[in-house]
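Read in my numbering, the sequence shown has 157 at position 157, and its numbers run on one by one without any break.
By construction, these hints were calculated from the structure, which means they are not laboratory data.
Check before you lean on any hint, since a few could be wrong.
Unchecked claim - FRET-style restraints, in silico, Cβ to Cβ:
1) Val-40 x Ala-195: 23 to 33 Å
2) Gly-216 x Ala-17: 35 to 45 Å
3) Ser-57 x Arg-13: 34 to 44 Å
Bear in mind that the values here come from a model prediction, so they are computed numbers and not experimental data.
Even for Gly, the Cβ is constructed at its ideal location relative to N, Cα and C.
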Amino acid sequence: MKMARESLQALRRDLAALERTGAPQAAAIFSLGLPDVDTVLGGGLARGALHEVYADSLRDVVSAAGFAAALAIRAAAERPLVWVRQDFAETEAGSLSPAGLAELGLDPSRIILVRARDALGVLRASAEALACTALGAVLIEPWGESGVIDLVATRRLSLAAATAAVPALMLRPAATPLPSAATTRWSVRALPSRALAADAPGLPAFQLSLLRHRAGLAGRDWRVEWNRDAGCFSIRQRQIRDSQTLSRPLGALSVDRPAADADAWRKSA
1 MKMARESLQA LRRDLAALER TGAPQAAAIF SLGLPDVDTV LGGGLARGAL HEVYADSLRD
61 VVSAAGFAAA LAIRAAAERP LVWVRQDFAE TEAGSLSPAG LAELGLDPSR IILVRARDAL
121 GVLRASAEAL ACTALGAVLI EPWGESGVID LVATRRLSLA AATAAVPALM LRPAATPLPS
181 AATTRWSVRA LPSRALAADA PGLPAFQLSL LRHRAGLAGR DWRVEWNRDA GCFSIRQRQI
241 RDSQTLSRPL GALSVDRPAA DADAWRKSA
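The whole structure should be built from the sequences, with the hints applied where relevant.
Here it is as structure tokens:
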């Protein structure tokens, strides 16, 4: 994973090299590997589309990132990924942790990490990435409220994703859902993981809420776990005794600074 900020020129060189390698055409839909959810979604999520992932609260930002990364794993198979992060996301939520990504089953060496100064830079770099048909997915992570992330901007991202048949997964930490061109919109809340045998770390668990679906399927909720070995989600049992759970933060991000005050977490950069 390239940890230094890349310029647009450097990103273009990397993407051009990937294009030269070629890639087989992918299916139009990628599944979550979870029949209960995939059936409701009509088989899964559209590959050439924009999907938004919101954190239910500041405490859930890491879990939202983990869910988005898991979707990228499902969509990409073995293809490389681009992750575009706003600098302020790193300040507020911490750096991406290669060890945490590997724990999810995502090889950090497959990720081209791009850091942008502001939300506009995030949009520009994401548009460049979405023009590359060799990518498995593009993760887009601005921070907070921003006037530039509007219906027009999300429509452009959606069209770019459709043209390249590459999923655009937009993380929206510290932001309020607004009208957009996203095909689906999710809210993610962290759940305590279940203790495994010999007190081994449990599987990452999420409360998923489908806030919006272009086909009118909003208002659905699921409690799921992510199995890195199988590379898919599974339905979490609803009745779990407290003695069988443990509080375990997801390791996709390394939080290296105190969390912001709850009243201030929607600050924009």
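Hints, one by one, checked against the model:
Evaluation of the 23 to 33 Å hint for Val-40 and Ala-195 yields a pass: the beta carbon distance comes to about 30 Å. Between Gly-216 and Ala-17 the Cβ separation comes to about 41 Å, which falls inside the hinted range of 35 to 45 Å. Checked against the hint of 34 to 44 Å, the pair Ser-57 and Arg-13 passes, with Cβ atoms roughly 39 Å apart.
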